[in-house]
Structure formats: C-alpha cells, structure tokens
Amino acid sequence: AQRVTQPEKLLSVFKGAPVELKCNYSYSGSPELFWYVQYSRQRLQLLLRHISRESIKGFTADLNKGETSFHLKKPFAQEEDSAMYYCALTGSGGSYIPTFGRGTSLIVHP
Amino acid sequence: EPEVTQTPSHQVTQMGQEVILRCVPISNHLYFYWYRQILGQKVEFLVSFYNNEISEKSEIFDDQFSVERPDGSNFTLKIRSTKLEDSAMYFCASGESKGLFFGSGTQLSVL
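From first to last, the protein sequence lines are chains A and B. Throughout the first sequence, residue numbering follows this note's numbering, covering -9 to 100 in sequence. Throughout the second sequence, residue numbering follows this note's numbering, covering 9 to 119 in sequence.
Bound conformation, chain A alone (with noise of 0.2 Å):
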C-alpha cells in the first residue's frame, strides 16, 4: 500500500523567512513525488515532480530515499505562497494513479 504522510496541517511564517513543507511517504517499489498547490479559490495544480528536478516558482524538493521523504524548500517565502500543498506519489508497478497527503497550509504573513 501507499501512504503519503504531511505532519503539519499548518506552517505560518514571515515573509523572507525560509519554508520547509515535510513530505514523507511509504512504498515498497520506486516512487514518484509529487507536489501539487491550492492557491484560494483556485484548482488543484502541479507545482513539481521529482524528476525533473526543477525550481518552480523558487521551490525544490529532492527525493531522499533513505529517509523516504520529499520535503518542499524555497530559501525567501514570499505572501503570494500562500496556499495549500499537497505532496501525491504514484507508484511505478503500474498504477498511476496519485495518493495524496492531508495537504499543509502555508501562510506567509507580510
């Protein structure tokens, strides 16, 4: 089975201040990670995957399989991050299909 875990259902931080969203997960094949975010008001949407390793709006995330984990950084936060974010894995022996976390609420105060 396939577990996706999101500890905190909320992060509030300053804005300039660094922001960490914890991912961690559960599977026994090779995943792939996930984030999506939820601005208000607004659709679900892919923030990045894990492989391809980009930066998307400042974010990264870098799968660590040791630690099962795939934790969401960006160094300065800014207001506009304000949002909901999912972390969702998909498995690689053929079900596509995501499994996503409860979600985090980050809030970036001014």
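Fair warning: there could be bad hints in the mix.
[Said to hold, decoys possible] Some chain B residues flagged as far from chain A (calculated, every beta-carbon gap over 12 Å):
1) Glu11
2) Gln14
3) Pro16
4) Gln49
5) Lys65
6) Phe73
7) Thr84
8) Asp94
[Unchecked claim] Using 25 Å as the maximum straight-line C-alpha spacing, the simulated DSS-like pairs for lysine-lysine come out as follows:
9) A:Lys47 / A:Lys12
10) B:Lys50 / A:Lys12
11) B:Lys86 / A:Lys(-1)
12) B:Lys50 / A:Lys47
13) A:Lys55 / A:Lys5
14) B:Lys50 / A:Lys63
To be clear, the hints were calculated from the coordinates, so they are not data collected in a lab. This one's a predicted model, so the numbers in the text were calculated from it and none came from an experiment. Backbone N, C-alpha and C fix where the C-beta goes; we use that ideal spot for every residue, glycine too.
Fit chain B to the known structure of chain A by using the hints.
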C-alpha cells in the same frame, strides 16, 4: 493553455436525489480521474478511467456512483441517490500518464 473544465461550479441537491457532475478533460489526454475533498480533509481518489472503461476505483466508489464518457469529450460522474456525506468538492482530472491537470471542482451540497 488547455485546461480541464467542470460544471456546475456549485450544486445543491436534496438527499436521495441524483446528481450528474460534468467534466471536459484536456483533449489529448488518455487518463481521467475523479477525486473528492470533504471540507477539512484530504483529497481522496474515487475512480480512474482509461480506454473507455474504469481502470481502478476506491472503496468510496460504491454502487451509487457511476462514470461515463458519453460523447468522447465529456466525462461525467453520477451519484444515483445522494447522501448527506456525499457533500464535498469533486475534482475531475486528466493526464497523459503521470502528473495530473485538475478542474476547478464542483462543490456539491446535499441537504
């Protein structure tokens, strides 16, 4: 930029009534999904659809639920006899293989 569209954005219905939620996926995508999100809870998988048939479904997707692709573009979710606990935001998504594009959701309220 192509996007997944969902209608209606809000649907209010009486318990026991049937509802149909509509989605137009991105045209060249092959995989279609329905998810739901009960207020304050996580996004939950309902069903996936590929090659004109259900490929996987969760335990939530019981006999009250059905999906159809009636005309090659629309992708519908039908709830036959709604219950109070069906109140949620329902998201349609489509994708080529991995990495989904979501619609803006239909907020279903069952009274």
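Nearest-CB test (12 Å) between chain A and B:Gln49: Contrary to the label, B:Gln49 does not stay out of reach of chain A, its closest Cβ about 7 Å off (not over 12 Å).
Hint consistency between A:Lys55 and A:Lys5 [alpha-carbon to alpha-carbon, up to 25 Å]: The hint is violated at about 31 Å.
Given pair status - A:Lys63, B:Lys50, alpha carbons within 25 Å: 21 Å, holds
Satisfaction of hint between A:Lys(-1) and B:Lys86, Cα-Cα up to 25 Å: Outside the cut-off at roughly 32 Å; violated.
Pairwise hint evaluation, A:Lys12 against B:Lys50, where the allowed Cα distance is 25 Å at most: 15 Å, holds
Distance rule for B:Glu11, whose beta carbon must clear each one in chain A by more than 12 Å: 8 Å, violated
B:Thr84 non-interfacial with respect to chain A [C-beta, more than 12 Å]: The claim holds: B:Thr84 sits with its nearest Cβ about 18 Å from chain A, beyond 12 Å.
Minimum Cβ distance from B:Phe73 to chain A greater than 12 Å, as the annotation requires: B:Phe73 clear of chain A: closest Cβ-Cβ about 16 Å, beyond 12 Å.
B:Lys50 paired with A:Lys47 [C-alpha distance capped at 25 Å]: Since the Cα atoms of B:Lys50 and A:Lys47 sit roughly 24 Å apart, the hinted pair holds (cutoff 25 Å).
Least C-beta distance from B:Gln14 to chain A larger than 12 Å: 9 Å, violated
Restraint check for A:Lys47 with A:Lys12, where alpha carbons must lie at most 25 Å apart: 18 Å, holds
Assertion that B:Lys65 lies farther than 12 Å from chain A (Cβ): 10 Å, violated
Against the hints set out earlier in the document, violations occur for numbers 1, 2, 4, 5, 11, 13.
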